[in-house]
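Student: Taking the numbering used here, the leading residue of the sequence shown gets 7, the next gets one more, and so forth.
Hints are computed from structural coordinates only; laboratory data are not their basis.
Honestly, I wouldn't trust all of these hints.
[To be verified] Quick list of in silico lysine to aspartate or glutamate cross-link-like pairs, DMTMM-like style, CA-CA up to 25 Å: (1) Lys200 to Glu214; (2) Lys128 to Glu214; (3) Lys89 to Asp30; (4) Lys80 to Glu177; (5) Lys142 to Asp164; (6) Lys89 to Glu36; (7) Lys187 to Glu119; (8) Lys200 to Asp229; (9) Lys62 to Asp30; (10) Lys22 to Glu36; (11) Lys80 to Glu119; (12) Lys185 to Glu119; (13) Lys223 to Asp246; (14) Lys99 to Glu119; (15) Lys79 to Glu177; (16) Lys79 to Asp18; (17) Lys252 to Asp229; (18) Lys201 to Glu177; (19) Lys51 to Glu119; (20) Lys80 to Glu68; (21) Lys89 to Glu68; (22) Lys200 to Glu210; (23) Lys187 to Glu177; (24) Lys200 to Glu253; (25) Lys187 to Glu214; (26) Lys187 to Glu210; (27) Lys62 to Asp18; (28) Lys79 to Glu33; (29) Lys142 to Asp229; (30) Lys43 to Asp30; (31) Lys21 to Glu33; (32) Lys185 to Asp164.
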Amino acid sequence: MNTPNYLQDNPDYIKKVSQLLLSDNPENIELGFQIVKGAGTIPVKLYPILTNNRYKVVKCLEYSFTDLLQSRKKINLNYLRLKRLPLPLLQLKSLQHLGLAGNPQLNNPQTFELLAQMPGLKALDLYSWHLTEVPKALLNLQHLQHLGLGANPHLNLDLVFTQLRGLPQLESLSLYNNKLKTLPPGIRVLDQLKKLDLSDNYFEGLPEVIHQMPRLKHLELCDNRGTDYWDHFWDIDNEDARKLQKEFPNIVITFG
């Protein structure tokens with residue numbers, strides 16, 4: 007005999023649990039998840055409420071509600087102060103894009119061992135992780151196309167560029183907000199790069215090595231603060247911007 011699902015069968019329970027899940031109070035949300043977990047089958051009406059923000063997505067993973075996330079190609083867990091990644095992430099076979107920005111406490115071997123078991127990832131953002139190099143385990147992500155390494159100002163870029171040669175499909179790299187004044191020529195080894203984000207750094211001109219990156223199609227230089235050199239480049243009628251675009255006719259250069 008099947009145990010009746012009181013949530014499924016009683017609209018009043020649906021309403022009350024919805025109120026808990028829609029609360030701004032984490033304790034109420036936690037209670038809502040506990041009630042749903044204890045009820046057995048999750049009512050379809052609750053699906054959107056259980057997954058409508060990144061905090062509740064983490065809760066879905068912690069409570070093993072992975073069926074609700076199976077179709078997700080992109081999950082954003084940015085700025086949640088996570089200390090560990092939920093293991094059920096490994097069950098999400100459709101997942102291709104994972105945002106982990108602003109979670110520096112995840113910078114540990116356990117995290118990288120778990121990520122290494124997600125070979126289907128195509129995009130990974132490790133913004134503000136206190137990284138000095140690319141953890142070797144991440145080189146198992148052979149389908150990775152985009153890597154975000156912004157706000158990691160202590161990166162050993164010469165080493166990083168050498169490491170990233172081990173990711174044959176990498177075509178987009180973000181070094182946003184890394185306090186860079188120069189770009190090491192070693193980036194030339196990443197000759198497959200199509201997009202490079204150097205925004206919010208301290209460049210006083212276009213890095214010379216850009217001339218040696220023939221496949222580059224998009225270069226972001228927004229909000230560089232080294233001097234006032236870039237201040238007028240946002241204007242599409244600016245003569246300097248036109249000259250630079252003429253020098254690099256195959257690259258879209260974004261100044262602001």
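Student: Hint by hint, say whether it matches the structure.
Tutor: To see whether the hints hold, each was checked on the structure:
1. Lys200 to Glu214: 17 Å, holds
2. Lys128 to Glu214: 29 Å, violated
3. Lys89 to Asp30: 22 Å, holds
4. Lys80 to Glu177: 18 Å, holds
5. Lys142 to Asp164: Within the cut-off at roughly 15 Å; holds.
6. Lys89 to Glu36: At roughly 18 Å apart (the allowed maximum being 25 Å), Glu36 and Lys89 satisfy the hint.
7. Lys187 to Glu119: Violated, at about 33 Å.
8. Lys200 to Asp229: OK: Lys200 and Asp229 at ~21 Å, within 25 Å.
9. Lys62 to Asp30: Roughly 11 Å separates the two Cα atoms, so the pair holds.
10. Lys22 to Glu36: The given pair, whose Cα atoms are some 14 Å apart, holds under the 25 Å limit.
11. Lys80 to Glu119: 20 Å, holds
12. Lys185 to Glu119: 29 Å, violated
13. Lys223 to Asp246: 19 Å, holds
14. Lys99 to Glu119: 17 Å, holds
15. Lys79 to Glu177: At roughly 19 Å apart (the allowed maximum being 25 Å), Glu177 and Lys79 satisfy the hint.
16. Lys79 to Asp18: Judged against 25 Å, a Cα distance of about 33 Å means the pair is violated.
17. Lys252 to Asp229: 22 Å, holds
18. Lys201 to Glu177: Holds, at about 6 Å.
19. Lys51 to Glu119: Distance ~36 Å between Lys51 and Glu119 Cα, so the pair is violated.
20. Lys80 to Glu68: 18 Å, holds
21. Lys89 to Glu68: 13 Å, holds
22. Lys200 to Glu210: 22 Å, holds
23. Lys187 to Glu177: 23 Å, holds
24. Lys200 to Glu253: Given pair Lys200, Glu253 holds - Cα atoms ~17 Å apart, limit 25 Å.
25. Lys187 to Glu214: Between Lys187 and Glu214 the Cα gap is close to 12 Å, so the pair holds against 25 Å.
26. Lys187 to Glu210: 7 Å, holds
27. Lys62 to Asp18: 22 Å, holds
28. Lys79 to Glu33: 29 Å, violated
29. Lys142 to Asp229: Violated, at roughly 32 Å.
30. Lys43 to Asp30: 20 Å, holds
31. Lys21 to Glu33: 18 Å, holds
32. Lys185 to Asp164: 15 Å, holds
Of the numbered hints given earlier, the model fails hints 2, 7, 12, 16, 19, 28 and 29; all others are met.
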